[in-house]
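Number of protein chains: 2
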Amino acid sequence: MARVLTPRSEDFPRWYQDLINKARLADNGPVRGTMVIRPAGYAIWEHMQADMDARIKEAGAENAYFPLFIPESYLRREAEHVEGFSPELAVVTHAGGKQLAEPLVVRPTSETVIGEFMAKWVDSYRDLPLLLNQWANIVRWELRPRTFLRTTEFLWQEGHTAHVSEENAREYARLIHKTVYEEFMVEMLAIPVVPGRKTKGERFAGATNTMTVEAMMGDTKALQMGTSHELGQNFAKAFDITYTSQAGAVEHAWTTSWGTSTRMMGGLIMVHGDDNGLRLPPNIAPIQAQVMVVKAGEGVTEAAVKLRDELKSAGVRVKLDDRADIPFGRRAVDAELQGIPIRIEVGPRDLANGNAVVARRIDGTKSPIALGEVVNDVVAALKADQQRLYDDALSFREANTVDVKTLDEAIDAAQTGWARVPWASVGTEGEKKANGKAITVRCLTRVDGTMPDSDDEPELQAILARAY
Amino acid sequence: MARVLTPRSEDFPRWYQDLINKARLADNGPVRGTMVIRPAGYAIWEHMQADMDARIKEAGAENAYFPLFIPESYLRREAEHVEGFSPELAVVTHAGGKQLAEPLVVRPTSETVIGEFMAKWVDSYRDLPLLLNQWANIVRWELRPRTFLRTTEFLWQEGHTAHVSEENAREYARLIHKTVYEEFMVEMLAIPVVPGRKTKGERFAGATNTMTVEAMMGDTKALQMGTSHELGQNFAKAFDITYTSQAGAVEHAWTTSWGTSTRMMGGLIMVHGDDNGLRLPPNIAPIQAQVMVVKAGEGVTEAAVKLRDELKSAGVRVKLDDRADIPFGRRAVDAELQGIPIRIEVGPRDLANGNAVVARRIDGTKSPIALGEVVNDVVAALKADQQRLYDDALSFREANTVDVKTLDEAIDAAQTGWARVPWASVGTEGEKKANGKAITVRCLTRVDGTMPDSDDEPELQAILARAY
Numbered sequence: 001m002a003r004v005l006t007p008r009s010e011d012f013p014r015w016y017q018d019l020i021n022k023a024r025l026a027d028n029g030p031v032r033g034t035m036v037i038r039p040a041g042y043a044i045w046e047h048m049q050a051d052m053d054a055r056i057k058e059a060g061a062e063n064a065y066f067p068l069f070i071p072e073s074y075l076r077r078e079a080e081h082v083e084g085f086s087p088e089l090a091v092v093t094h095a096g097g098k099q100l101a102e103p104l105v106v107r108p109t110s111e112t113v114i115g116e117f118m119a120k121w122v123d124s125y126r127d128l129p130l131l132l133n134q135w136a137n138i139v140r141w142e143l144r145p146r147t148f149l150r151t152t153e154f155l156w157q158e159g160h161t162a163h164v165s166e167e168n169a170r171e172y173a174r175l176i177h178k179t180v181y182e183e184f185m186v187e188m189l190a191i192p193v194v195p196g197r198k199t200k201g202e203r204f205a206g207a208t209n210t211m212t213v214e215a216m217m218g219d220t221k222a223l224q225m226g227t228s229h230e231l232g233q234n235f236a237k238a239f240d241i242t243y244t245s246q247a248g249a250v251e252h253a254w255t256t257s258w259g260t261s262t263r264m265m266g267g268l269i270m271v272h273g274d275d276n277g278l279r280l281p282p283n284i285a286p287i288q289a290q291v292m293v294v295k296a297g298e299g300v301t302e303a304a305v306k307l308r309d310e311l312k313s314a315g316v317r318v319k320l321d322d323r324a325d326i327p328f329g330r331r332a333v334d335a336e337l338q339g340i341p342i343r344i345e346v347g348p349r350d351l352a353n354g355n356a357v358v359a360r361r362i363d364g365t366k367s368p369i370a371l372g373e374v375v376n377d378v379v380a381a382l383k384a385d386q387q388r389l390y391d392d393a394l395s396f397r398e399a400n401t402v403d404v405k406t407l408d409e410a411i412d413a414a415q416t417g418w419a420r421v422p423w424a425s426v427g428t429e430g431e432k433k434a435n436g437k438a439i440t441v442r443c444l445t446r447v448d449g450t451m452p453d454s455d456d457e458p459e460l461q462a463i464l465a466r467a468y
Numbered sequence: 001m002a003r004v005l006t007p008r009s010e011d012f013p014r015w016y017q018d019l020i021n022k023a024r025l026a027d028n029g030p031v032r033g034t035m036v037i038r039p040a041g042y043a044i045w046e047h048m049q050a051d052m053d054a055r056i057k058e059a060g061a062e063n064a065y066f067p068l069f070i071p072e073s074y075l076r077r078e079a080e081h082v083e084g085f086s087p088e089l090a091v092v093t094h095a096g097g098k099q100l101a102e103p104l105v106v107r108p109t110s111e112t113v114i115g116e117f118m119a120k121w122v123d124s125y126r127d128l129p130l131l132l133n134q135w136a137n138i139v140r141w142e143l144r145p146r147t148f149l150r151t152t153e154f155l156w157q158e159g160h161t162a163h164v165s166e167e168n169a170r171e172y173a174r175l176i177h178k179t180v181y182e183e184f185m186v187e188m189l190a191i192p193v194v195p196g197r198k199t200k201g202e203r204f205a206g207a208t209n210t211m212t213v214e215a216m217m218g219d220t221k222a223l224q225m226g227t228s229h230e231l232g233q234n235f236a237k238a239f240d241i242t243y244t245s246q247a248g249a250v251e252h253a254w255t256t257s258w259g260t261s262t263r264m265m266g267g268l269i270m271v272h273g274d275d276n277g278l279r280l281p282p283n284i285a286p287i288q289a290q291v292m293v294v295k296a297g298e299g300v301t302e303a304a305v306k307l308r309d310e311l312k313s314a315g316v317r318v319k320l321d322d323r324a325d326i327p328f329g330r331r332a333v334d335a336e337l338q339g340i341p342i343r344i345e346v347g348p349r350d351l352a353n354g355n356a357v358v359a360r361r362i363d364g365t366k367s368p369i370a371l372g373e374v375v376n377d378v379v380a381a382l383k384a385d386q387q388r389l390y391d392d393a394l395s396f397r398e399a400n401t402v403d404v405k406t407l408d409e410a411i412d413a414a415q416t417g418w419a420r421v422p423w424a425s426v427g428t429e430g431e432k433k434a435n436g437k438a439i440t441v442r443c444l445t446r447v448d449g450t451m452p453d454s455d456d457e458p459e460l461q462a463i464l465a466r467a468y
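Protein chains in written order, with the numbering used here: chain B, 1 to 468; chain R, 1 to 468.
Mixed in with the good hints, there may be bad ones.
[Claimed, not checked] Which residues of chain B face chain R? A partial, calculated answer using Cβ under 7 Å:
no. : residue
1   : Ala-95
2   : Trp-141
3   : Asp-392
4   : Ser-395
5   : Phe-396
[What the hints assert, rightly or not] Some chain R residues close to chain B (C-beta under 10 Å, calculated; not the full set):
no. : residue
6   : Asp-27
7   : Gly-29
8   : Trp-121
9   : Leu-155
10  : Leu-320
[Claimed, not checked] Derived list of chain B stretches under chain R, where covered just means 3 residues or more per stretch with a C-beta under 8 Å from a C-beta of chain R:
no. : segment
11  : 32-45
12  : 249-261
If you're looking for bench data, these hints aren't it; they were derived computationally from the structure.
No residue lacks a Cβ here, since even glycine has one placed at the ideal position from N, Cα and C.
So here's chain B without its partners, still in its complex pose:
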């Protein structure tokens, strides 16, 4: 097969951009840093959304929609918050043909506006927990944009909840972090993520705790795939979110927020892509199998249509490609680029033997299969391939993670992979030193993999890495 993309090993960032262009996932928008998500890319995002949205609803949160424009004054209420965001803001100064009395910020998060409405809607303990989620576009001005990973405008979901106690808020943030983020990424995206706690230096502005799910990309760098924050009573105090308790006292609520974005698209590409293009986990693939007419011939299209219909009946997301006037090789390269897990190639020669060729994108195998067995074969292959992608990504991460004892060893090891080191050997000073070498503490974890309750627990491990 002709070389379509810059090889990953030659230039990883270029390979990434090549893949996005050639697989028609996205284009750069007319304004620097913005992107156009093309149908092939957007369909993946829609499948991510649908599955994650069901998990969010299962966790009891309800969707709502808050305005794009936020009065500048709102952002000033939470001092740490505005400091974290101000260089990234886009500001509307003119509208309706006039200069506005107060400039409007295009939301860099809806934290503040949602805080304002929570204050309005919450009255008594009966109104809590208030569990809200929003799917929306977000703007943060980006000086070094990279498609899906850092864009001036991106799509995300942001959850915002209010609770009667710190414990309830913490439990809910953990529920979301585990059942919506971690399990979605593992089960749907086939990405082994490490759930952990951010250090104080890496926390979201205004949060008392930030939890993250970190994944290793194909170049061994880390990508933060999603975060969940406990905000203590900080936001509730800034936005006056109070409730009357069962005992009749007026109390401030405890709030959380949590988000994931189109950045996950970048992670999906960088974890599973190879030199021939994307490899989509079957569970998230908009098209799981493509039945292809190799070339015209007696009964070929009929056989292909029949297979398409049978696969559809078996619950496979299947598409028919009967464009016999376009060379088969070109169409096959395209299907590889787009990462369609399985191609079922139907041509006159194989058909004469009662077979179709099942070509699997993920393990690269290609075998003739009797027509009557194609459906079972494909269903089994989709399941196996989902697992295989996960296993491969996990093996890769393990092969590129080393356990070390000292900060210097960790900084050294993090040049080419992840370093796992006792947090006691790093500490806040060590973290600054690592940061000076473009290495960050991705997260803190307990030895048994459970989530720490504080940075000060004994025997915590830190993961140090270069990151996107």
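Mind docking chain R on chain B? Use the hints.
Just chain R now, kept in the frame of chain B:
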């Protein structure tokens, strides 16, 4: 039942706003003209989206996402277009802490940016038709905002397609107009809409033809529920969307666009709402039936849970309300306000007789039903109530539409309803006269109800009305 809303007959606009507030559908946003769509309202919008999105995909269009920010220069390319929009634009002048070299417009529609990318993606006739749709937020500065109907920011879908010929473009626009818009509104929203052609004066800027679906609201005014445009080659010429034909010639494409928005929420309320609140068509209701524990008692909660589970198994979208500590009356009023089609009230007294009370929001009936028959009764009621809402809305429209012969009669009749009058009696001059009296030609239709091909066909009928 205590009066919760301003009666419709007393003050329709106030009733509308009352209903939105009390049913917790939406709040005003912090920036004038913007809105917060609350969970109860957003859930309805999600159901609209899901059904309409499936219809759009069935018609072959694919979803994509284009940037929020559009360089100001893009809007100048299509002179008529910018003229139509300029007083409504919101403009970003500062971002990333600096003044921008070129101001950015917050999309008032994505027509121009999509035109730009169509030009990039279309090369040969093989790339056509190109059928794109986008779900997005839109900003048009609104001086006289009204929730859902006219808001500075709203949510919509916008379809944009390119074709090899005028005929193909026209056919596709009509397919969307019929199978996505008209059928969705009739089948899901239970709103009898009149599909018709806009006059030249009412056409979308830059369109060669605008088709509309018009509905009569509860105060007899008209609401434009959606529009589909043929854009001829106007946009293709402005944005240089060309393709190489099968014969090898370079040709301009023919484009269409079509959109519906959260405005449909306003239509739903104003068509079906009554003095007790919203009445949701079962097909679009996020909650079709609510099983309510009237008050605690032996076996009551168990019986309610059992009914909830049985209804769920029967495919009914059902919710359990077991908050026995909140007075039943208050919860019942709330369910009426929110428009939940059916309440199944489970209390100790009826339970002792082996019954639950089925209260139907739409026809207002309330009957004891044997527990074993509740599921069948509810399923049948949901079907009947969907039809009933449609029939009632149609009867109301017919009762408030009069056929007249002259312009003056039409202007007179349109003060209190819709006037149907021969278009030949109105014409462009008559239209201006009507406009001077706040009456517009909503659309032109053929006598047999089919869509006219031009304004000049003989025997066209015009519908004149006051409108939102």
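Each hint tested on the structure:
Because the smallest distance between the Cβ of Ala-95 of chain B and any Cβ of chain R comes to about 4 Å, under 7 Å, the interface hint for this residue holds. A distance limit of 7 Å between C-beta atoms decides the matter here; for Trp-141 of chain B the minimum to chain R is near 4 Å, and the interface restraint holds. Because the smallest distance between the Cβ of Asp-392 of chain B and any Cβ of chain R comes to about 30 Å, over 7 Å, the interface hint for this residue is violated. The closest approach between the C-beta of Ser-395 of chain B and any C-beta of chain R is roughly 34 Å, which is over the 7 Å cut-off, so the hint fails.
A cut of 7 Å between beta carbons decides the hint on Phe-396 of chain B: the least distance to chain R is about 31 Å, and the hint is violated. Annotation: Asp-27 of chain R was flagged as interfacial toward chain B, and the flag holds, the nearest CB pair being 7 Å apart, inside 10 Å. Against a cut-off of 10 Å between C-beta atoms, the interface hint on Gly-29 of chain R holds, since the closest Cβ of chain B lies about 4 Å away. Evaluation of the Trp-121 of chain R hint against chain B yields a held restraint, the C-beta minimum of about 8 Å falling below 10 Å.
For the restraint placing Leu-155 of chain R at the interface with chain B, the shortest Cβ-Cβ distance is roughly 7 Å, inside the 10 Å limit, so the hint holds. A hinted interface residue such as Leu-320 of chain R counts as satisfied when its beta carbon comes closer than 10 Å to some beta carbon of chain B; here the least separation is about 14 Å, so the hint is violated. Coverage of the segment 32-45 of chain B by chain R holds [criterion: at least 3 residues with CB-CB distance below 8 Å; count 9]. Proximity of the segment 249-261 of chain B to chain R, defined as three or more residues with a beta carbon under 8 Å from a beta carbon of that chain, is not established by the 0 residues found.
The structure fails hints 3, 4, 5, 10 and 12 (numbered hints given earlier, in ascending order).
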